[in-house]
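S.K.: Residue numbers (the working numbering), protein chains in the order written: chain A, 1 to 587; chain B, 588 to 794.
Hints were generated in silico from the structure; no laboratory data involved.
Bear in mind the structure is a predicted one, so any value in this text is a computation, not a measurement.
Just so it is clear, CB atoms sit at the ideal spot from N, CA and C, and this is done for glycine as well.
Honestly, I wouldn't trust all of these hints.
SDA-like mimics (lysine to any residue), calculated; alpha carbons at most 20 Å apart, straight line [what the hints assert, rightly or not]: (1) A/560 x B/706; (2) A/553 x B/734; (3) A/2 x B/693; (4) A/553 x B/762; (5) B/649 x A/528; (6) A/560 x B/709; (7) A/553 x B/631; (8) B/649 x A/168; (9) A/359 x A/376; (10) A/359 x A/250; (11) A/519 x A/560; (12) A/301 x A/553; (13) A/553 x B/701; (14) A/359 x A/503; (15) A/360 x A/301; (16) A/519 x B/765; (17) A/2 x B/762; (18) B/735 x A/285; (19) B/735 x A/576; (20) B/649 x A/406; (21) A/560 x A/538; (22) A/2 x B/761; (23) B/649 x B/610; (24) A/553 x B/709; (25) A/519 x A/466; (26) A/2 x B/621; (27) A/407 x A/503; (28) A/2 x B/623; (29) B/735 x A/566.
To give an idea of the chain B side of the interface with chain A (calculated C-beta under 10 Å), a few residues [stated by the list, open to error]: (30) 604; (31) 619; (32) 630; (33) 649; (34) 652; (35) 653; (36) 654; (37) 695; (38) 698; (39) 713; (40) 723.
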Amino acid sequence: MKSILSGNEAIAQGALDAGVSLASGYPGTPSTEILENISRLGGVRAIWAPNEKIAVELAGGVSYAGHRALAAMKHVGVNVAADPLFTLAYTGVRGGFVIVTADDPALHSSQNEQDNRRYASFTRIPMLEPSNSQEALDFTREAFVLSERFDLPFFLRTTTRISHGKSIVDVSKWDEDAKRPIPGLVKDPGKYVMIPANARVRHRDLEDRVARVAVFSESCSLNRIEMADSALGIITSGASYNYVKDALPNASILKLGLVFPLPADLIREFAGKCGRLIVVEELEPHIEEWVRILGIQVEGKSLIPRFGELDSGIVRRAIEGSGDDFAASGHESESVPVRPPIMCIGCPHRGIFHVLSRKKVFVAGDIGCYTLAVSPPLSAIHTTVCMGAGINQAAGMEAVLPEQHGKVVAVIGDSTFLHSGMGGVLNMAFNRIPATILILDNFTTAMTGRQNHPGSGFDMKGNRTRQVRWETLLSGLGIEHVRIVDAYDLEEIDTALEEEIIRDAPSVIVVRGACMLLKNQPVKREPPYEIHADKCTDCGICLRIGCPAISRKDALPGEKPVIDCNGCTGCSLCFQVCRFEAIEVLK
Amino acid sequence: MTDTASGTFNILIVGVGGQGTILASELLAHVALAAGYDVKKSEVHGMSQRGGRVESYVRFGKLIYSPLIPKGEVDFLVGFELAETLRSLEWLSADSKILTDTRAILPYNSQVGEAPYPFDALDRIRQRGYDLRVVEGERLAVQLGEPKAANVVLMGALASLLPVDGDVWKSVIRENMPGKLVSVNLEAFELGYGSGTLTQGHDSSTK
Numbered sequence: 001m002k003s004i005l006s007g008n009e010a011i012a013q014g015a016l017d018a019g020v021s022l023a024s025g026y027p028g029t030p031s032t033e034i035l036e037n038i039s040r041l042g043g044v045r046a047i048w049a050p051n052e053k054i055a056v057e058l059a060g061g062v063s064y065a066g067h068r069a070l071a072a073m074k075h076v077g078v079n080v081a082a083d084p085l086f087t088l089a090y091t092g093v094r095g096g097f098v099i100v101t102a103d104d105p106a107l108h109s110s111q112n113e114q115d116n117r118r119y120a121s122f123t124r125i126p127m128l129e130p131s132n133s134q135e136a137l138d139f140t141r142e143a144f145v146l147s148e149r150f151d152l153p154f155f156l157r158t159t160t161r162i163s164h165g166k167s168i169v170d171v172s173k174w175d176e177d178a179k180r181p182i183p184g185l186v187k188d189p190g191k192y193v194m195i196p197a198n199a200r201v202r203h204r205d206l207e208d209r210v211a212r213v214a215v216f217s218e219s220c221s222l223n224r225i226e227m228a229d230s231a232l233g234i235i236t237s238g239a240s241y242n243y244v245k246d247a248l249p250n251a252s253i254l255k256l257g258l259v260f261p262l263p264a265d266l267i268r269e270f271a272g273k274c275g276r277l278i279v280v281e282e283l284e285p286h287i288e289e290w291v292r293i294l295g296i297q298v299e300g301k302s303l304i305p306r307f308g309e310l311d312s313g314i315v316r317r318a319i320e321g322s323g324d325d326f327a328a329s330g331h332e333s334e335s336v337p338v339r340p341p342i343m344c345i346g347c348p349h350r351g352i353f354h355v356l357s358r359k360k361v362f363v364a365g366d367i368g369c370y371t372l373a374v375s376p377p378l379s380a381i382h383t384t385v386c387m388g389a390g391i392n393q394a395a396g397m398e399a400v401l402p403e404q405h406g407k408v409v410a411v412i413g414d415s416t417f418l419h420s421g422m423g424g425v426l427n428m429a430f431n432r433i434p435a436t437i438l439i440l441d442n443f444t445t446a447m448t449g450r451q452n453h454p455g456s457g458f459d460m461k462g463n464r465t466r467q468v469r470w471e472t473l474l475s476g477l478g479i480e481h482v483r484i485v486d487a488y489d490l491e492e493i494d495t496a497l498e499e500e501i502i503r504d505a506p507s508v509i510v511v512r513g514a515c516m517l518l519k520n521q522p523v524k525r526e527p528p529y530e531i532h533a534d535k536c537t538d539c540g541i542c543l544r545i546g547c548p549a550i551s552r553k554d555a556l557p558g559e560k561p562v563i564d565c566n567g568c569t570g571c572s573l574c575f576q577v578c579r580f581e582a583i584e585v586l587k
Numbered sequence: 588m589t590d591t592a593s594g595t596f597n598i599l600i601v602g603v604g605g606q607g608t609i610l611a612s613e614l615l616a617h618v619a620l621a622a623g624y625d626v627k628k629s630e631v632h633g634m635s636q637r638g639g640r641v642e643s644y645v646r647f648g649k650l651i652y653s654p655l656i657p658k659g660e661v662d663f664l665v666g667f668e669l670a671e672t673l674r675s676l677e678w679l680s681a682d683s684k685i686l687t688d689t690r691a692i693l694p695y696n697s698q699v700g701e702a703p704y705p706f707d708a709l710d711r712i713r714q715r716g717y718d719l720r721v722v723e724g725e726r727l728a729v730q731l732g733e734p735k736a737a738n739v740v741l742m743g744a745l746a747s748l749l750p751v752d753g754d755v756w757k758s759v760i761r762e763n764m765p766g767k768l769v770s771v772n773l774e775a776f777e778l779g780y781g782s783g784t785l786t787q788g789h790d791s792s793t794k
């Protein structure tokens, strides 16, 4: 049967076909829909973990119990999970164990564009890389089987165009011919307890297992040669394969679906058949360096950019040496104002950033919707590095710049705080660093599409579950000064900030207001407001809060702002900032 | 009916988050599948609720590898918003056809007068000699009583230029839209289908 599936939907289907017993992860673009689809399609347990390390350790336990397990995350999530991954390669698996790393070349929604094929060679965990949705399905099924066959976790690596790209997939039933482990607990400390004495043995064993996969890589169907004109040979993998096929239909291709360990003999064989040899790969020279290690002359990053995403035009021009991207079409771009994404109408994060921007404080930020406050008109985020970093940056600044006390705060979302912010607050309390942290609690992981987390009160299926009690949690971490304020009450926010930011002790303000897009929370949706043109002086303060419902629709001279009453949620921020009483509830 | 040199149809759909660009591209991909083509699509989303630019690529033909359209190789540009249509010109070739709504959604900088909004976009496009067809998608959809159906009006206009029967589109709309929205979207499609061949300011009859 044929359907149009995204790569993420295909991976979910492949995992279900393989009989996965538990799938876990933390939402992150472009990986999020894998877990969501497993949860939607299957009777198996798909669960959001507070962070990727927990997801990998949980799935590792499932594998040790003899069941198949999957953990899915975006590329930077693997950094969080790296600690257990390196050692899970030593112990190996029982049930098949697949870790999906969804990389994001071109940073469509990420803070860096790291190439996680490097994690495969570094951790010694084999890696499969599909080129389209059909392969995403097939490779996922295969990865579970190979994981058991070689006693190793397996990486499945996608990039944004594979994860979110859609193509036609034959989802016909899969008849697996594999010997599966018998579920149950097996005590085998030599394999599963990595004290140095055991780990030394398992490290040698790991290299043997990797060597066996390398032998397999020479002849497996995951890697294939497509001979055409032998004058030009291209070695490629993943999304890059598609660009090569489009750009250079006459070239011979070695398509690598198993990108670690790489096949030495197959590459030598292919190189021997071709004239000019080029590796086409996005980001790092992962394949190119291996080909060079084999002593084969090859071109790669001397032609192909080391940053950003490729497309067939870039590939063709790079190889033909025919100029840059923009010269290609000869169609110059027009000057058009930039259109940065902004917070939604009624967003509970808008008020706090309006207050912060007026106070001229330094705001150590984090990863989430609130990072959008970096853009005008709010312009109130001054650092963003990785999940949980903001709290510790603010603490570091406070520690070395005591004269700046009262001028630095950290902001972090509720989901991000539970992911990796708790340790930072614990450190602040333990070391008596008098920083002020704002937890922007909107009851969800909003940036990736409103996934539940331990602070939301709901699990992945939307069933009620235990909900974090912030006062108790923060008190337990050692914070004496905790305040909870209404995200829509500018005066209350202002007072709390004034008092806490100068306090000579660690403090936390929980700024509470449910995401406007949530369906399972009592969202503050009130009658809309309107602007009375006769009272409006056109001072522009209401536009400065950056609400998409307030606009000068046609930007004509003398035109005053208006509120789109269909969009307005009645959050009242514009009403609160207007000094001329020109904004009132719509009659 | 139009054909392209390579037999591959490269369609770029652009708009602003919330306008239904992604749903439109989903419909187009399903139409291509139903009509027996290979099809690939990809988009930049994640900002769809947040007022940023959304762009969606759909490619169909006999055999499609890449989901991305290289710059200079778009056959049809479908713009849901005037500035975003103008922003996309570098993707076009001399033979590209442009279908655009006249809807203007001002970014913040234009709201406060820091960056002028290109209200003259249609003139700027015409001056460059492109085959430009203006489809008042939003206005027609508002007349239907469902402003959100503007995307399907635009798809109707595109459909009139593609080698797939309109009935295929209608059955895809029936299968992929929530039940209560089917009839209004079928109407929106018909409105677009009727207006798609209208040209304004540029004679495309020789193309």
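S.K.: Is the hinted pair residue 360 of chain A and residue 301 of chain A satisfied, with a Cα-Cα distance of at most 20 Å?
M.R.: violated, 44 Å
S.K.: Sort out whether residue 693 of chain B lies within 20 Å of residue 2 of chain A, counting only the CA atoms.
M.R.: Violated. Residue 2 of chain A to residue 693 of chain B sits at ~41 Å, over the 20 Å cutoff.
S.K.: Can the restraint linking residue 553 of chain A and residue 762 of chain B be considered satisfied, given a maximum Cα separation of 20 Å?
M.R.: Cα-Cα ~36 Å, so violated.
S.K.: Is the straight-line distance between the alpha-carbon of residue 2 of chain A and that of residue 621 of chain B 20 Å or less?
M.R.: holds, 10 Å
S.K.: Taking only the CA atoms, is the gap from residue 2 of chain A to residue 623 of chain B under or equal to 20 Å?
M.R.: holds, 11 Å
S.K.: Decide if the proposed pair is consistent with the structure: residue 560 of chain A and residue 709 of chain B, CA atoms, cutoff 20 Å inclusive.
M.R.: Answer violated: residue 560 of chain A to residue 709 of chain B is near 26 Å, above 20 Å.
S.K.: Does the structure keep residue 2 of chain A and residue 762 of chain B at a Cα separation of 20 Å or less?
M.R.: holds, 15 Å
S.K.: Return the status of the interface hint for residue 698 of chain B: holds when the least beta-carbon distance to chain A is below 10 Å, violated otherwise.
M.R.: holds, 5 Å
S.K.: Just to be careful, I want the Cα atoms of residue 407 of chain A and residue 503 of chain A compared with a cutoff of 20 Å; is the pair within it?
M.R.: Measuring from Cα to Cα gives roughly 12 Å; hence the hint holds.
S.K.: Residue 653 of chain B was flagged as interface toward chain A. Is the shortest Cβ-Cβ separation under 10 Å?
M.R.: Nearest chain A Cβ about 4 Å off; hint holds.
S.K.: Under the criterion of a CB-CB separation shorter than 10 Å, is residue 723 of chain B in contact with chain A as hinted?
M.R.: violated, 17 Å
S.K.: Would the pair residue 553 of chain A and residue 631 of chain B pass a check requiring their Cα atoms to be no farther apart than 20 Å?
M.R.: violated, 26 Å
Hints 3, 4, 5, 6, 7, 10, 11, 12, 15, 18, 19, 20, 23, 33, 39, 40 from the earlier list are contradicted by this structure; the remaining hints agree with it.
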